[in-house]
Amino acid sequence: MAAALRGRAGALAFFAVAAAVPLAVRDQFFLDTLILILLWGALSAAWNVAGGYAGQVSLGHSAFFGIGAYSAALLSARYGQSPWIGMLIGMVLSVGAGLIIGYLSNRLRGPYFALSTIAFSQVLLIVASRWRGFTAGSEGIPVPFRPGFATLGLGHVAWAYLALGLAILFYGIQVYLERSRVGYQLAGVREDEDAAEALGIPSRRLKVVAVTASAALTSVCGTLWAQYVGFVDPFYVFSVDLSIRFALNTIIGGMGTALGPWLGSILITALETYLRATFAGMKTGFAGIYLVIYGVALILVVRFVPEGLAGVGARLRARWTRAHA
Amino acid sequence: MLTLERVSKRFGGLTAVHEVSLEVRAGDLLGIIGPNGAGKTTLFNVIAGYYRPDGGRVLLDGRDVAGQPPHAICRLGLTRTFQIVKPFGNLSVNDNVMIGALNRLRSVRAARVEAERVIETCGLTAQAGAPAKTLPVGLRKRLEVARALATRPRLLLLDEVMAGLNPAELGGIIELIRRLHADGLTLIVIEHIMAAMMRLAQRIVVLHHGETIAEGTPAEITRDRRVVDAYLGEEFVLAQA
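Chains A and B, in that order, give the protein sequences.
Counting from 1, position 165 in the first sequence corresponds to residue 145 in my numbering; the numbering is continuous, with no gaps.
Offset between the second sequence (1-based) and my numbering: plus 80.
Simulated from the structure, these hints should not be mistaken for lab results.
If you're wondering where the values come from, they're calculated on a predicted model, not measured in any experiment.
One or more hints might be untrue.
Quick list of simulated restraints, FRET-style, between CB atoms [said to hold, decoys possible]: (1) 135/B <-> 113/A: 54 to 60 Å; (2) 200/B <-> 91/A: 39 to 45 Å; (3) 103/B <-> 292/A: 57 to 63 Å.
Glycine is no exception: its CB is placed at the ideal position from the N, C-alpha and C atoms.
Generate the whole structure from the sequences, applying the supplied hints.
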């Protein structure tokens, strides 16, 4: 048990604090920030499964987010079904879409793969914004609020714990990818596909599995986000901005690390929320300020901690161990 | 164990390997030599499943494996190293070899134990914890062999594992190959260093422009007129005499 927890102190502390906050704080704004940090972190963790652990950097993951969001929203708004069923259907659709993207990852490498994923998400955007009869087009869909767990009509405290449960689950999935047989084999594929093949690793199949799993997890978050926010706008849920956000949180926090996605999410989400609140009254001129933050954060991280914020922890730990050896 | 029947591989108009046939029996240590561009590495790529041959058959234990992916062929007990080494650079030597051991083992713990043993055999114990990218070239070549060995092959293809090594490193890796062979491993070795080949191989196949121009014991090869003309040169024969 002690060995299993070594190097996990940071994660333990983070989840403990996240669990304690809703007990002590009832301020809605603060709880909203916490929920978003956990949710954006989980989304980035889902992205990390493909981008970090399998090395398949996608810039079109908003496709799966949008599929999850629309599945639940449409089912709930049009047919009065539970969003949990919508979540399931979203996952199934995302697995299908993930298989397509996974297939592409075996045909295209690096930037070509990334570009094809962007194209994929933009095709879905066009479908969602033009198919007025079904999706209500560019007007978007308001998600009906029906109180209760089955309909995901929850208060802020309940949402915080739901998001926390999701975060812990996704964290666990990533830890599995660091320690299991398939995880090590995936690391081999990420490092060198040809060498991995020579060692008996079915690299193509593993990549498809990783991308598909990543798609399904992203879709789950998409559903929850739509239920939490209460509105699905095609130009937001299928946007390239969103895809970049998943990637950026992870790159800033630490690609291929289990806690990294949330570290990046803390920085980006907290900054964005703070700035939005600060500049709320003076819309003009500051609407795009979050893009500047993304840029500055990315430059600073790449310059000073290229391995991400999670790498800072590892460095400090190594220094501490040396000093006390 | 391995039989090639008139195997050919073409790239556009260039025939890299032309109707090469050869036979490897269990316990053999076969050498393949030839000038640069003779098709040696291409032949390895065909045998190990990286290229689909344009003609001929590749029989492993009597079964045609041409067109099967490399990982499936590795499962059948045949694997290879790469001339331009391909370490998993950001992973430790331990993890590199352990990933090889996962070919036969389901549990990570058992694979760790196996990796430790193979690392010791290959003389990499001192570097076990280091990231693979920090190793000097001589040790990277050893890592390449260690990782392939960890998959527990019956037939191992070594592609120029001696190139670029200093004399001390060279002696060490020749010793390692001999020991593996003595322990029952079947090997095909591509090498440019003729002196090493003379000491190691039981039989040598000489490729030139994608074709087999000679096959025989090391002594026979050095006397073969076409081999001397195509590859070894007169000086070599004089030096041998």
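Taking the hints in turn, this is what the structure says about them:
no.: 1; hint: 135/B <-> 113/A: 54 to 60 Å; verdict: holds, 57 Å
no.: 2; hint: 200/B <-> 91/A: 39 to 45 Å; verdict: holds, 42 Å
no.: 3; hint: 103/B <-> 292/A: 57 to 63 Å; verdict: holds, 58 Å
Violated hints for the displayed structure: none, as all numbered hints are satisfied.
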